[in-house]
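Q: Letter by letter, the chains look like this.
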Amino acid sequence: MIRLSEISKVYRIKDTISRETRAFYALRGVSLDIEDGAIYGIIGRSGAGKSTLIRCVNMLERPTSGRVFINDTEMTSLPDAALRAARRKIGMIFQSFNLLSNRTVYGNIAFPLELAGWNGPDIQNRVHEIASLVEIDDKLDQYPGTLSGGQKQRVGIARALANKPDVLLSDEATSALDPQTTKSVLRLIRDVNEKLGLTVILITHEMNVIKEICDSVAVLESGEIVEQGPVLKIFTTPRESATKELLTHVIQSELPESFANLKFSQTPSRELDLMLQISFFGPAAASPIVSDLVRKFDVDVNILVAHIDHIRSTPFGTLIIQLAGDEKEGALEFLLDMKLRVEVIGYVARSSEITH
Amino acid sequence: MSPDLLKLLIEGSLDTLYMVSISSLVALLAGLPLGVVLSVTSDEGILRNEPINVVLSFIVNIGRSAPFIILMIAIIPLTRWIVGTSIGINAAIVPLSVAAIPFVGRVVESSLREIDGGVVEAALAMGATPFEIIYKVLLPEGLPGIIAGVTLTVINLVGYSAMAGTLGAGGLGDIAVRYGYQRFMLDVMLATIVILVVMVQLVQIIGDKISSLTRHDKRN
Numbered sequence: 515m516i517r518l519s520e521i522s523k524v525y526r527i528k529d530t531i532s533r534e535t536r537a538f539y540a541l542r543g544v545s546l547d548i549e550d551g552a553i554y555g556i557i558g559r560s561g562a563g564k565s566t567l568i569r570c571v572n573m574l575e576r577p578t579s580g581r582v583f584i585n586d587t588e589m590t591s592l593p594d595a596a597l598r599a600a601r602r603k604i605g606m607i608f609q610s611f612n613l614l615s616n617r618t619v620y621g622n623i624a625f626p627l628e629l630a631g632w633n634g635p636d637i638q639n640r641v642h643e644i645a646s647l648v649e650i651d652d653k654l655d656q657y658p659g660t661l662s663g664g665q666k667q668r669v670g671i672a673r674a675l676a677n678k679p680d681v682l683l684s685d686e687a688t689s690a691l692d693p694q695t696t697k698s699v700l701r702l703i704r705d706v707n708e709k710l711g712l713t714v715i716l717i718t719h720e721m722n723v724i725k726e727i728c729d730s731v732a733v734l735e736s737g738e739i740v741e742q743g744p745v746l747k748i749f750t751t752p753r754e755s756a757t758k759e760l761l762t763h764v765i766q767s768e769l770p771e772s773f774a775n776l777k778f779s780q781t782p783s784r785e786l787d788l789m790l791q792i793s794f795f796g797p798a799a800a801s802p803i804v805s806d807l808v809r810k811f812d813v814d815v816n817i818l819v820a821h822i823d824h825i826r827s828t829p830f831g832t833l834i835i836q837l838a839g840d841e842k843e844g845a846l847e848f849l850l851d852m853k854l855r856v857e858v859i860g861y862v863a864r865s866s867e868i869t870h
Numbered sequence: 358m359s360p361d362l363l364k365l366l367i368e369g370s371l372d373t374l375y376m377v378s379i380s381s382l383v384a385l386l387a388g389l390p391l392g393v394v395l396s397v398t399s400d401e402g403i404l405r406n407e408p409i410n411v412v413l414s415f416i417v418n419i420g421r422s423a424p425f426i427i428l429m430i431a432i433i434p435l436t437r438w439i440v441g442t443s444i445g446i447n448a449a450i451v452p453l454s455v456a457a458i459p460f461v462g463r464v465v466e467s468s469l470r471e472i473d474g475g476v477v478e479a480a481l482a483m484g485a486t487p488f489e490i491i492y493k494v495l496l497p498e499g500l501p502g503i504i505a506g507v508t509l510t511v512i513n514l515v516g517y518s519a520m521a522g523t524l525g526a527g528g529l530g531d532i533a534v535r536y537g538y539q540r541f542m543l544d545v546m547l548a549t550i551v552i553l554v555v556m557v558q559l560v561q562i563i564g565d566k567i568s569s570l571t572r573h574d575k576r577n
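One line per chain: the protein sequences are X and W, in this order.
Here our numbering is used: the first residue of the first sequence is 515, the next is one more, and so on.
Here our numbering is used: the first residue of the second sequence is 358, the next is one more, and so on.
These are computed hints drawn from the structure, not numbers from a lab.
Among these hints, one or two may not hold up.
Computed footprint of chain W on chain X; a stretch qualifies when at least three of its residues, placed anywhere within it, have a C-beta under 8 Å from a C-beta of chain W [as the list claims (entries may be wrong)]:
1) 598 to 609
2) 624 to 630
With the Cβ distance kept under 8 Å, some of the chain X side facing chain W (calculated, not the full set) [stated by the list, open to error]:
3) N572
4) L574
5) N612
6) S615
7) N616
8) Y657
Below 25 Å or equal to it, Euclidean Cα-Cα: the simulated DSS-like pairs (lysine-lysine) are [said to hold, decoys possible]:
9) W/K493 - X/K603
10) X/K653 - W/K493
11) W/K493 - X/K678
12) X/K678 - X/K603
13) X/K853 - X/K810
14) X/K603 - X/K709
15) X/K758 - X/K747
16) X/K697 - X/K747
17) X/K653 - X/K678
Built from N, CA and C at the ideal position, the CB exists for glycine as well.
Please take these sequences and the hints and turn them into a complete structure.
A: Listed below in structure tokens is the structure:
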């Protein structure tokens with residue numbers, strides 16, 4: 515269990531012109547509970563305080579106030595030597611990899627073991643063991659400068675895991691990688707999370723990363739957590755605008771631009787078509803809504819926007835449809851009865867542009 | 358050129374090599390820790406300490422701002438106290454070292470400053486002590502830059518040693534002044550210049566080679 519309790523971080527910034535110091539709050543009273551074995555994502559735009567927050571876990575940044583617990587150890591009160599010992603059990607990987615350029619892959623993976631005081635033969639065994647786990651064992655003699663980004667991050671992960679940590683901190687570990695490599699690195703993180711049972715805390719600005727591997731997510735905005743919970747819940751029912759904004763790249767739920775000029779009326783009308791937005795997740799996503807509508811009611815259904823995706827193995831999605839015909843209202847009630855989130859966008863004239 | 362002159366030039370070259378190598382060694386031994394302290398006590402350093410940094414920086418700047426020929430005369434009492442005399446090649450090693458130590462210090466400091474802070478952060482995150490960070494991260498990562506800087510120092514010392522020669526230190530500078538300048542022996546003057554040029558070239562080539570052998574951060 516990792517517990518952050520009311521963490522605040524204040525930087526004193528000296529204005530170079532007026533020479534006045536002012537306080538900048540990077541974090542304001544952040545509290546988080548992270549279960550053992552979880553993959554916990556913290557998402558936010560740049561400048562939201564993500565980097566500061568993750569560094570407060572291993573005290574690379576000391577919180578100005580608040581307390582950090584890892585299991586029963588209070589990190590915030592540890593003296594230097596004990597803090598170093600605690601850090602050896604917290605692996606960390608970075609966006610820019612931060613490998614030692616003048617050590618080979620082997621030397622990099624061996625580094626934390628040297629620091630932890632392992633003896634030579636044990637280091638050798640462990641390096642080979644962990645290198646084969648991350649599938650980098652054929653590159654042990656090479657220097658990081660000769661590796662690709664994905665390979666460097668694998669070395670970074672091997673180094674972070676070498677001393678058998680309980681916790682892995684990931685600081686934008688995939689942000690410098692292409693989508694394909696990102697996927698394989700994320701899969702590796704999920705694999706080690708499952709195989710070794712370690713707790714992963716990762717920060718990112720990409721919802722795709724959260725969607726791919728996280729169990730829970732916290733949304734950080736201006737140093738505060740505005741929303742947190744299981745990933746599925748945050749994705750399907752985001753409350754805060756910051757969350758919705760971060761989600762727009764993942765879930766296409768806005769009307770296409772060509773609809774922006776349409777005149778919507780909120781009063782039901784026989785002549786106008788009904789435009790609806792339907793969000794669904796879980797088992798409801800599997801039911802054939804559209805064909806049900808057409809079979810049961812005298813309506814025409816035109817699909818304008820459709821997006822279906824999976825979080826782990828649960829489908830979720832968004833559908834924007836246009837209903838025409840005499841039984842629009844009945845169809846709407848039918849949809850509302852099924853446990854779907856239905857939002858009436860409005861009534862709109864049937865234009866050739868939309869119905870083709 | 359007569360055999361006597363040839364012998365003179367060979368002895369002079371050996372004297373110059375002796376002065377330069379000993380003073381380079383002293384400068385490295387003292388300048389390396391100085392540069393490390395300057396670097397780790399700076400604003401972004403792992404052992405930030407403003408008073409130590411300001412004082413050391415001030416001393417280093419004094420050492421670097423005095424022209425060598427003036428420094429050499431100014432520290433004659435120190436030279437006498439250490440070597441017992443202020444004349445000869447052993448005496449010249451003192452001012453040469455004193456001039457080179459702050460230079461090496463700055464060179465080491467700037468090599469260490471160029472190391473990506475993320476690498477140091479990673480080591481801190483792994484529980485490294487400040488001492489471990491210095492000798493397992495900073496020095497190995499900064500090594501190519503340090504070697505390039507030391508090469509520059511050695512070349513500077515070749516030049517300084519010729520200057521020291523004019524003040525009774527011996528070596529090629531002494532020969533160039535006494536034979537080439539005062540006795541108008543143009544061949545001796547040219548010969549000392551050629552030897553100095555060859556020396557500097559060799560030092561540079563060897564330094565570049567070692568520096569690139571220790572550099573692994575680029576694809577090659």
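Q: Hints first: check each against the structure and report whether it holds.
A: Now for the hints, and whether the structure bears them out:
| no. | hint | verdict |
| --- | --- | --- |
| 1 | 598 to 609 | holds (count 8) |
| 2 | 624 to 630 | holds (count 5) |
| 3 | N572 | holds, 6 Å |
| 4 | L574 | holds, 6 Å |
| 5 | N612 | holds, 4 Å |
| 6 | S615 | holds, 4 Å |
| 7 | N616 | holds, 5 Å |
| 8 | Y657 | holds, 4 Å |
| 9 | W/K493 - X/K603 | holds, 20 Å |
| 10 | X/K653 - W/K493 | holds, 22 Å |
| 11 | W/K493 - X/K678 | holds, 21 Å |
| 12 | X/K678 - X/K603 | holds, 7 Å |
| 13 | X/K853 - X/K810 | holds, 18 Å |
| 14 | X/K603 - X/K709 | holds, 17 Å |
| 15 | X/K758 - X/K747 | holds, 13 Å |
| 16 | X/K697 - X/K747 | holds, 23 Å |
| 17 | X/K653 - X/K678 | holds, 21 Å |
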